Amino acid sequence: MPPRTIRQARQRLEELADSLNPISYKRLNDEIKAAEAEATRTAHGHASTKTTKMLTDANDVLRRLCETRDGFKTLAAQGKAGRVSSKDATKRFNDLKAEERRLQALLTDVEAGLATVQAIEDDPVAYADENFHDRYPATRPDFTF
Amino acid sequence: MAGTNRPTGSRNLKSYHARLRRLSEETQTAAVAAEDALATVESRERLRVARSAAADAELREKYSNLRSEG
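Chains as they are written, first to last, in my numbering: chain A, 2 to 146; chain B, 9 to 78.
Watch out, some of these pointers could steer you wrong.
[Said to hold, decoys possible] Under the rule of at most 20 Å between Cα atoms (straight-line distance), these lysine to any residue pairs were calculated in the SDA-like manner:
#1 A:88 with B:16
#2 B:22 with A:92
#3 B:22 with A:83
#4 B:22 with A:98
#5 A:81 with B:57
#6 A:88 with B:34
#7 A:98 with B:54
#8 B:22 with A:81
#9 A:88 with B:22
#10 A:51 with B:16
#11 B:22 with A:74
#12 A:74 with B:16
#13 A:98 with A:49
#14 A:92 with B:19
#15 B:22 with A:89
[As the list claims (entries may be wrong)] Across the chosen pairs, the derived CB separations fall in these ranges:
#16 B:57 with A:78: 21 to 31 Å
#17 A:82 with B:69: 51 to 61 Å
#18 A:68 with B:26: 37 to 47 Å
#19 A:60 with B:47: 56 to 66 Å
#20 A:46 with B:26: 38 to 48 Å
#21 B:43 with A:34: 53 to 63 Å
#22 A:92 with B:57: 14 to 24 Å
#23 A:60 with B:53: 33 to 43 Å
#24 A:61 with B:59: 41 to 51 Å
#25 B:37 with A:16: 54 to 64 Å
#26 B:48 with A:131: 23 to 33 Å
#27 A:68 with B:61: 31 to 41 Å
[Said to hold, decoys possible] Only part of the chain A face toward chain B is listed, based on derived beta-carbon distances under 7 Å:
#28 29
#29 30
#30 46
#31 54
#32 68
#33 70
#34 84
#35 117
Bear in mind the hints are in silico, worked out from the structure with no lab data behind them. Values in this document were obtained by computation on a predicted structure and should not be read as measured data. Backbone N, C-alpha and C define an ideal beta-carbon position, used for all residues, glycine too.
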């Protein structure tokens with residue numbers, strides 16, 4: 002049998018449905034359900050690993066954003082009070098802006114990661130099909146039909 | 009199978025993301041204030057340099073006048 006993704010197997014079962022007796026239909030449907038359960042476990046594991054890494058990264062971004070915000074506030078206060086030279090203020094401002102740009106890029110990464118985790122949680126089977134079974138045929142479930 | 013045993017990963021991430029967004033906005037606001045302050049510092053410094061140059065020029069003129077009188 003050609004290895005199928007879960008989506009393809011579901012489609013094939015629907016095509017065969019009229020020619021199958023209820024017992025055979027149930028047996029094949031159970032195969033698909035088992036594959037879906039396995040795909041869900043794998044996808045949730047993937048989401049969990051990704052979430053753990055992203056929470057660590059997000060914590061770092063959060064800390065650095067606080068430092069950058071506070072750095073800008075301190076610079077603004079010192080600038081208004083005349084307690085900083087133009088040269089020093091310009092350097093500090095440029096450094097803070099550079100850090101702010103880096104943090105914006107990291108924030109975009111967090112947003113992309115969040116979208117991925119949401120996609121997994123919304124439909125783990127579709128995620129497994131698209132990201133594992135479609136790309137790597139060797140990972141496709143072992144259906145008997 | 010979709011939606012079964014839904015993990016809490018995205019809920020945690022969403023909450024973090026909301027905090028990051030808020031902080032990012034606060035940082036942008038603080039950056040604008042810092043930029044204004046920087047402009048004030050630069051303007052103050054230009055003024056100080058200009059005043060100092062004017063004072064130097066005045067002194068030079070007085071000195072020059074004194075020399076020509078003396």
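Verification of the hints:
{"no.": "1", "hint": "A:88 with B:16", "result": "49 Å, violated"}
{"no.": "2", "hint": "B:22 with A:92", "result": "35 Å, violated"}
{"no.": "3", "hint": "B:22 with A:83", "result": "41 Å, violated"}
{"no.": "4", "hint": "B:22 with A:98", "result": "26 Å, violated"}
{"no.": "5", "hint": "A:81 with B:57", "result": "18 Å, holds"}
{"no.": "6", "hint": "A:88 with B:34", "result": "25 Å, violated"}
{"no.": "7", "hint": "A:98 with B:54", "result": "23 Å, violated"}
{"no.": "8", "hint": "B:22 with A:81", "result": "37 Å, violated"}
{"no.": "9", "hint": "A:88 with B:22", "result": "40 Å, violated"}
{"no.": "10", "hint": "A:51 with B:16", "result": "12 Å, holds"}
{"no.": "11", "hint": "B:22 with A:74", "result": "27 Å, violated"}
{"no.": "12", "hint": "A:74 with B:16", "result": "35 Å, violated"}
{"no.": "13", "hint": "A:98 with A:49", "result": "33 Å, violated"}
{"no.": "14", "hint": "A:92 with B:19", "result": "39 Å, violated"}
{"no.": "15", "hint": "B:22 with A:89", "result": "38 Å, violated"}
{"no.": "16", "hint": "B:57 with A:78: 21 to 31 Å", "result": "24 Å, holds"}
{"no.": "17", "hint": "A:82 with B:69: 51 to 61 Å", "result": "35 Å, violated"}
{"no.": "18", "hint": "A:68 with B:26: 37 to 47 Å", "result": "20 Å, violated"}
{"no.": "19", "hint": "A:60 with B:47: 56 to 66 Å", "result": "34 Å, violated"}
{"no.": "20", "hint": "A:46 with B:26: 38 to 48 Å", "result": "26 Å, violated"}
{"no.": "21", "hint": "B:43 with A:34: 53 to 63 Å", "result": "60 Å, holds"}
{"no.": "22", "hint": "A:92 with B:57: 14 to 24 Å", "result": "19 Å, holds"}
{"no.": "23", "hint": "A:60 with B:53: 33 to 43 Å", "result": "39 Å, holds"}
{"no.": "24", "hint": "A:61 with B:59: 41 to 51 Å", "result": "47 Å, holds"}
{"no.": "25", "hint": "B:37 with A:16: 54 to 64 Å", "result": "59 Å, holds"}
{"no.": "26", "hint": "B:48 with A:131: 23 to 33 Å", "result": "54 Å, violated"}
{"no.": "27", "hint": "A:68 with B:61: 31 to 41 Å", "result": "39 Å, holds"}
{"no.": "28", "hint": "29", "result": "16 Å, violated"}
{"no.": "29", "hint": "30", "result": "13 Å, violated"}
{"no.": "30", "hint": "46", "result": "10 Å, violated"}
{"no.": "31", "hint": "54", "result": "11 Å, violated"}
{"no.": "32", "hint": "68", "result": "10 Å, violated"}
{"no.": "33", "hint": "70", "result": "4 Å, holds"}
{"no.": "34", "hint": "84", "result": "10 Å, violated"}
{"no.": "35", "hint": "117", "result": "9 Å, violated"}
Of the numbered hints given earlier, the model fails hints 1, 2, 3, 4, 6, 7, 8, 9, 11, 12, 13, 14, 15, 17, 18, 19, 20, 26, 28, 29, 30, 31, 32, 34, 35; all others are met.
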